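*Asks:* Model the placement of chain B on the given structure of chain A, informed by the hints.
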Amino acid sequence: MRKVITTLTLLLFILVIPASAEEEYDFKSDEFKEIGSQFMCTCGCGQDQFECNMQGCGINAAFKTEVKEMLDKGSTKEEIKEYFINIYGEEILTAPEKKGFSLTAWILPFVVLGAAGIGIVFIIRKWVAGYKDESFLTEERTEAEKLEDEIVKSMIDEERKKYF
Amino acid sequence: MHLIGNLSIYLALGLSIYAFIIFILGIYKQDQRFIDSGKAASLAVFILATISMLILFTALGTSQLQFEYVSAYISTDLPLVYKLSALWAGNAGSLLLWTFFLTMYTTMVVYSRKMKNNPMTPYVAAIMLANTIFFYLILGFVAKPFVLLDEVPFEGRGLNPMLQDPGMLIHPVTLYLGYVGLAVPFAFSIAALIIKSVDTFWLRITRRWTIIAWMFLTLGNVIGGYWAYKELGWGGYWAWDPVENASFMPWLTVTAYLHSVMIQERKNMLKIWNISLIILSYALTLFGTFLVRSGVLTSVHAFGDSNLGAYFLIFMAFAVIFSLYVLMSRYHLLKKDSGQFESFFSKESSFLINNLILVGGTFAVFWGTIFPLVSEAVRGTKVTVGIPFFNTVMSPILLALIFIMAVCPLIAWQRSTAKNLRDNFLFPALASLLVIGLLAGLGIRAAYPVIAYGIISFMVFTHVVEFYRGVKARRKVTKEAIPVALYWLMIKNRRRFGGYIVHIGIALIAIGIVGSNFDNETMQTIPKGGTIKIEDYELEYEYIAQRTEGINDIVYANIKVFKNGQNLGYIQPERIFYGNWEQPSTEVAIQGTFREDLYVVLSAWEKDERATFVVKVKPLVKLIWIGSYVLVIGAIFAIWSGKYGNITPRYTGPQRKVS
Chain A
579 MRKVITTLTL
589 LLFILVIPAS
599 AEEEYDFKSD
609 EFKEIGSQFM
619 CTCGCGQDQF
629 ECNMQGCGIN
639 AAFKTEVKEM
649 LDKGSTKEEI
659 KEYFINIYGE
669 EILTAPEKKG
679 FSLTAWILPF
689 VVLGAAGIGI
699 VFIIRKWVAG
709 YKDESFLTEE
719 RTEAEKLEDE
729 IVKSMIDEER
739 KKYF
Chain B
138 MHLIGNLSIY
148 LALGLSIYAF
158 IIFILGIYKQ
168 DQRFIDSGKA
178 ASLAVFILAT
188 ISMLILFTAL
198 GTSQLQFEYV
208 SAYISTDLPL
218 VYKLSALWAG
228 NAGSLLLWTF
238 FLTMYTTMVV
248 YSRKMKNNPM
258 TPYVAAIMLA
268 NTIFFYLILG
278 FVAKPFVLLD
288 EVPFEGRGLN
298 PMLQDPGMLI
308 HPVTLYLGYV
318 GLAVPFAFSI
328 AALIIKSVDT
338 FWLRITRRWT
348 IIAWMFLTLG
358 NVIGGYWAYK
368 ELGWGGYWAW
378 DPVENASFMP
388 WLTVTAYLHS
398 VMIQERKNML
408 KIWNISLIIL
418 SYALTLFGTF
428 LVRSGVLTSV
438 HAFGDSNLGA
448 YFLIFMAFAV
458 IFSLYVLMSR
468 YHLLKKDSGQ
478 FESFFSKESS
488 FLINNLILVG
498 GTFAVFWGTI
508 FPLVSEAVRG
518 TKVTVGIPFF
528 NTVMSPILLA
538 LIFIMAVCPL
548 IAWQRSTAKN
558 LRDNFLFPAL
568 ASLLVIGLLA
578 GLGIRAAYPV
588 IAYGIISFMV
598 FTHVVEFYRG
608 VKARRKVTKE
618 AIPVALYWLM
628 IKNRRRFGGY
638 IVHIGIALIA
648 IGIVGSNFDN
658 ETMQTIPKGG
668 TIKIEDYELE
678 YEYIAQRTEG
688 INDIVYANIK
698 VFKNGQNLGY
708 IQPERIFYGN
718 WEQPSTEVAI
728 QGTFREDLYV
738 VLSAWEKDER
748 ATFVVKVKPL
758 VKLIWIGSYV
768 LVIGAIFAIW
778 SGKYGNITPR
788 YTGPQRKVS
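Note that the protein sequences, when read in sequence, are chains A and B. Residues in the first sequence are numbered consecutively from 579, following this note's numbering. Residues in the second sequence are numbered consecutively from 138, following this note's numbering.
Hints listed in this document are in silico derivations from the structure and should not be mistaken for laboratory results. Not one of these hints is a red herring.
Below, a list of computed lysine-lysine pairs in the DSS-like style, where the Cα atoms sit at most 25 Å apart:
| hint | chain 1 | residue 1 | chain 2 | residue 2 |
| --- | --- | --- | --- | --- |
| 1 | B | K519 | A | K677 |
| 2 | B | K333 | B | K473 |
| 3 | B | K519 | A | K659 |
Computed footprint of chain A on chain B; a stretch qualifies when at least three of its residues, placed anywhere within it, have a C-beta under 8 Å from a C-beta of chain A:
| hint | stretch |
| --- | --- |
| 4 | 369–380 |
| 5 | 487–498 |
Since we're looking at a predicted model, the values are computed, not measured. Just so it is clear, CB atoms sit at the ideal spot from N, CA and C, and this is done for glycine as well.
Here chain A stands alone, though its shape is the one from the complex (with noise of 0.2 Å):
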């Protein structure tokens, strides 16, 4: 008898901890955070798993439970992951994966900015060369014609302190 209590008292110890160490467990850790936040929550919260705190939301609740058991068993990140998109698709991903087409999500912003980036250069590069051919018709100014452009100037400012 004393031995099926002892028994039973180890088996509730060992059931015990790991129920009260699910509870004190912080799914707002950086851990948590990592995982938790690559998936939707599907509740239509429009939040990720690790933000989702809506009152009720059992899909949030099974995911969380889910991942900590899958932590808990020493599965990766990736693995994970991968589980996940196995059951439900891509669209479980809170972006999309950076292969195959989905890349073109990533990269294309990126392309678009670079190729209209090299355009803009070379429109200012002939709007400047455009402009250098024309100066190159203006002849070099004469001393006198320096010191007449010196008067104007002066004059200019005189005139533009007035408005101050």
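*Replies:* Here is chain B on its own, set in the frame of chain A:
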């Protein structure tokens, strides 16, 4: 009452069609009497829209549940202010609000003193009326605001509790003012093309309209963010939801436009680009409405299933094709006498780069928003494009934008020399390096915030230098005291310094956004009397209780907050259970300082009074809201009528007999 309501809608539809036709006829026959009749009809349409609004407000305010719209969005116990705000809670009401603003703007343009005797007026009015007709067709035949129910229900369905927030009173209204405001520069640009007046008149005359629309668009977005931050309990303010993106995209393109017009004004260049930008911005506002009303993408903002989106898509296609046709048919005129750049390093070039980044950013947001549809079409696989995608893609783009904002003010127009660049950038560069050093010294090791703050501070310092140089130049001539010189410098250059104030606002917002990403959070279940420690804070959970407000039950926890042992008082995070709504809502408790927000959400509780709290410490969030105020002040400063430099642009385009 519903008779007058319906009459006001259908009469307005008839009159707007009449006004549109009579304006066209007036232009065609060059008969001023026709034009005057059209103007009067536009005013009548505005009056009718006002009547429709007043009737719907009255029906909502007095709970006339026999109206389908009223019974769908309010309940009799709702506070009056939210009953009234339900006008923009549903499809029909919000489109009526949109129409009201559109008719108001049309009347303002038609009767504007500045547009008197201007041959462009009938064209602008006709284009705006074409928009009005579209909206009235929707109000008259698709989303009717004044439909009566066969049986009067005992109680209405009530307003979604999420919408019962002061944010609801302002967020949609400001957004609509922004959206509709863009119709004005759009109409002017198309009118200018049609009349073959391709100088800068249209963009000078619509400068204020555009800035006001832009300001409202900014405000609408920020208030939406503030509302989400306070109400939703996830601690964020921007979720890159398709609908948020839809209002962010026109904001980006209008920002690009506001900068590129300066090149057209100075150098008579980029005419086609500027018109394209304003067409794009206007089309994006319609695209946004299509997204909200169609349910084609999953969004938290969706108005529910309706076929309205399809109509908006058709109208958008029509508007874009028509605008492009007009643009192409005037291409030869726009192409003429385009100017040249004198140097690679000039303000002109930096504005082009600014436009590249803003429009590139718009493309990135657009691409991310529609990618789920693209993926489904190409691969048959749906994907989600959420926060991590946009944060990753947009962060470098927006940082590059801030860098350009830093460089642009100090580069001279026409040509900057190496010496010029060195003189102007030496101090800001050194000062921002110092900031980077300081941050590193404070123990911040992550590359992203250090780089981001380096760039933002570089931007702030270049602006400080710009103010300093302006004051110095002025004092050299006037010998005024520094504050006096600063005052006059700004007052006499409102546009420029208004713009700089806006930039400072953006810098503050950017500091807030970068800072708020470095939040710390915990979720803990604690017994009554228990404490939660996070950073320097200690939260002592005293008790949980319930109170009743009207038909709603509110469960709240009383928490004593200590920071570094100092008592900061009590906060009460709440959960509200509504008498006539299934989903409860969260009321977050926020204890905020400039440095950080303590953000507490009551997540769950047990019978033994144990409660689960999500506690976050979010640094610098307040700067986002303060930056927005600064930005609005800057925008108002830039457009404020003063006696200096406030010249009404003179129309020099082709003359007509009618105006």
